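S.K.: One-letter residues, chain by chain:
Protein chains: 2
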Amino acid sequence: MKSSVPLLDTITRYIIKRKGKQIRPVFVFLSASLCGTVNESTYRAASLIELLHTATLVHDDVVDDSNLRRGFFSLNALWKNKIAVLVGDYLLSQGLLIALEQDEFNLLKIVSNAVREMSEGELLQIEKARRLDIEESVYFEIIRKKTASLIASCCSCGAASVKVSQEMVQTMWQFGEAVGIAFQLKDDLFDYDQTAITGKPNGTDIRDQKMTLPLIYLLNHSDFMEKRRIIHTVKNGHSDSEAVARLIEKIKNRGGVDYARLKMGEYRQKSLRLLQTFPDNEYRKSMEQLVLFTTERIA
Amino acid sequence: MKSSVPLLDTITRYIIKRKGKQIRPVFVFLSASLCGTVNESTYRAASLIELLHTATLVHDDVVDDSNLRRGFFSLNALWKNKIAVLVGDYLLSQGLLIALEQDEFNLLKIVSNAVREMSEGELLQIEKARRLDIEESVYFEIIRKKTASLIASCCSCGAASVKVSQEMVQTMWQFGEAVGIAFQLKDDLFDYDQTAITGKPNGTDIRDQKMTLPLIYLLNHSDFMEKRRIIHTVKNGHSDSEAVARLIEKIKNRGGVDYARLKMGEYRQKSLRLLQTFPDNEYRKSMEQLVLFTTERIA
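From first to last, the protein sequence lines are chains U and L.
Going by my numbering, 180 is the number at position 180 of the first sequence; the sequence numbering is gapless.
Position in the second sequence (first residue = 1) + 299 = my numbering.
Since no wrong hints were added, every one of them can be taken at face value.
Label pairs and their calculated CB-CB ranges:
1) L:F404 to U:E40: 16 to 24 Å
2) L:D579 to U:T37: 57 to 65 Å
3) U:T195 to L:R430: 41 to 49 Å
4) L:S538 to U:A245: 44 to 52 Å
5) U:F190 to L:P305: 24 to 32 Å
Straight-line distance between alpha carbons at most 20 Å, and here's what the computed SDA-like set of lysine to any residue pairs gives:
6) U:K82 to L:E426
7) U:K82 to L:A428
8) L:K301 to U:E127
9) L:K318 to L:D359
10) U:K163 to L:D402
11) U:K227 to U:E136
12) U:K2 to L:I425
13) U:K109 to U:T56
14) U:K128 to U:K235
15) U:K82 to L:I425
16) L:K427 to U:P6
17) L:K445 to U:L7
18) L:K301 to U:I126
19) L:K301 to U:N113
20) L:K499 to L:H537
21) L:K509 to L:S436
22) U:K82 to L:Q508
23) L:K381 to L:L306
24) L:K381 to U:A129
25) L:K381 to L:P305
26) L:K408 to U:R44
27) L:K485 to L:K569
28) L:K549 to L:D492
29) U:K82 to L:R429
30) L:K408 to U:D103
31) U:K109 to L:R343
32) U:K128 to L:P305
33) U:K146 to L:K381
34) L:K408 to U:S47
35) L:K381 to U:D205
36) U:K128 to L:D308
37) U:K17 to U:T56
38) U:K227 to U:N253
What the hints contain is simulated information worked out from the structure, not anything from laboratory work.
Since the model is a prediction, treat every value here as computed from it, not as a measurement.
Glycine residues also receive a C-beta, built at the ideal position from the N, C-alpha and C atoms.
Turn these sequences into a full structure, and let the hints guide you.
M.R.: Take a look at the structure:
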C-alpha cells in the first residue's frame with residue numbers, strides 16, 4: 001500500500017491500525033479451503049475484497065456523515081469529505097490493480113458485479129426510505145444487494161481462486177448470499193435487544209428512520225390508520241423517545257421480532273444445508289462455526 | 300445504463316442530458332484511427348473512459364462542495380453527497396463491468412492505472428496546498444497525475460484497441476500526457492485573461508488558493524519577505540480583491556504568465572512532434588487540430 005504521497009501513507013497507516021474483524025477475508029480463505037488448497041490467488045482475492053470493503057466503509061462515512069467508525073474518528077471527521085472520497089477511490093483502484101496485474105479476471109468479474117449491486121442496493125434503499133413504506137420483498141432485495149452480495153463474492157472468489165467448476169463457484173455464491181442475509185437480519189434484531197445500561201432496547205434504527213424487518217412486518221400487518229400513526233412515530237422518533245419505546249413494545253407483541261428471527265433462522269439453515277454438499281472436514285466445521293458466529297454474535 | 304433502480308435511472312438521465320464536450324472519447328477515436336481502424340473495442344474504450352470521467356466529476360463535486368457543474372446544478376446540490384458518492388461508485392463499476400464482460404483486460408490495466416494516478420495527484424495537491432509553497436517540479440507532478448494521465452490513457456487505449464505494438468501504445472501515452480499537461484497549463488492561464496464583463500482578470504484560482512504555474516513562478520523568483528507577503532495575499536484573497544488585483548499585475552510584470560505560456564508551448568510542441576511519426580493523413584490532421592483546440596480554446 002506504500003504510495004508516493006506522504007499524506008496518503010499517513011492515512012493508510014491510520015486505516016490499517018484500526019482495522020476490523022476482517023471477517024470477509026476469513027470467508028475467502030475458508031471457502032478456498034472447502035473447495036481445494038489456498039494459493040497465491042486466494043491471497044489476492046482476500047486483499048482485493050478487503051481493500052474494496054475498506055473503500056466502501058470510507059465512502060459510507062461520507063454518505064452517512066458519521067464521525068466515528070469502530071470507535072475511532074472516521075476519515076472524513078479527521079480529514080474532511082474531500083480526502084475521504086479520494087482515499088476511497090484510491091483503495092478501490094489499488095485493489096483492482098493488484099488483481100489486474102496478476103490477470104485475475106475471474107475474481108474481478110465476481111467482485112465488480114458485487115460493487116455494482118452494492119451501490120444499486122444503497123440507492124434503492126435511499127429511494128424507498130423516503131416514503132417510509134416498504135414491501136417485504138423490496139427489503140430483501142435491498143439487503144441482498146447491499147450486504148449479502150459482498151459476502152457472496154468472498155465465498156465465490158475463494159472457490160474460484162482454487163480453480164473449481166463453475167457450478168461449485170455458483171454454490172458458494174448462494175451460500176454466501178444466504179449467510180449475508182442472515183447476518184443483516186441479525187443486525188436488524190440488535191436494535192430490539194436490551195442494552196447493558198438501561199435494560200431497554202435502544203431503538204436507534206427506528207430513530208434513524210431505518211426500515212428493518214420487524215418494523216416492516218408490523219406495518220404490513222396494520223390497517224391504514226395504524227400505519228399512519230406508526231409512520232408518524234418513526235418520522236418524529238428523534239424528539240419523542242416515549243413513542244419509540246411504545247412502538248418497540250408493539251412490534252414485539254405483534255410478532256415482528258419473532259418473524260425476523262424466524263427468517264434469519266431460515267437463511268442460516270439454507271446456508272448450512274448448502275455446506276452439507278461439501279466433505280465433512282475441519283474446514284467445513286470452521287465454516288459452520290463462522291456461520292453461527294455471524295448470526296449469533298452479541299455485538 | 301438502464302438499471303433496476305428508478306432513482307438511479309433518473310440521475311443517469313440527468314447526467315446524460317447535461318453531458319460536456321466529450322473530448323476524451325474524441326481522443327480515443329482519433330488515436331485508434333491514427334493507428335488502425337476503429338472497432339467494437341474502441342467503442343468500449345471510449346465508453347469506459349467517459350463513464351470513469353463522469354464518475355470522477357461526480358466525486359469531484361463532493362470533494363469541492365460545488366453546487367454547479369457545466370452551468371447546471373451538480374448532483375450533490377440536488378441529491379446530497381450521499382447519493383453523489385454512490386452514483387460515482389456505480390458509474391465506475393458499470394464502466395469496469397462493460398470492459399470485463401468483453402475481456403478487455405489491456406484497456407482495464409491502462410485505465411485503472413490512470414485512476415490510481417488521478418487520486419494520488421489530487422491527494423498530493425491537497426497535501427501541498429496547505430503550505431501554499433510548492434516547487435515547480437511538484438506542480439508538474441500533480442498536473443501530470445491529475446489531468447494528463449486520463450488523457451494519456453484515452454490515447455493509449457485508442458491505440459491498444461486496434462491491436463498495435465506495445466511501443467506504439469507507449470508513444471500514444473506520451474503524446475496524450477504532453478497534450479494533457481498543455482491543456483492544464485492553458486486552464487491555469489485562463490485566470491489571467493481579461494473577462495468580458497469587467498475587462499479585468501478574474502483571479503478565481505488565486506482567491507481559491509489554487510497554486511497555478513504563473514503564481515508558482517513568481518514565488519520561486521521572490522526573496523523571503525516578498526514570498527511571505529504574496530502568501531498572505533493568497534490566504535486573504537477572498538476578503539481583499541484589491542490585493543489580488545495587484546498580485547495579478549505583479550505576476551504578469553515579473554514574467555509568470557509568459558513563463559507558463561512558454562511551458563504550454565513546449566508541451567504542445569512535444570505532442571505535435573510525436574504526431575509526426577504517424578502517416579500524414581486526415582486523422583493526423585484532425586488530431587493536430589484537436590491539440591490546437593484544447594490549448595487555444597477561449598473557455
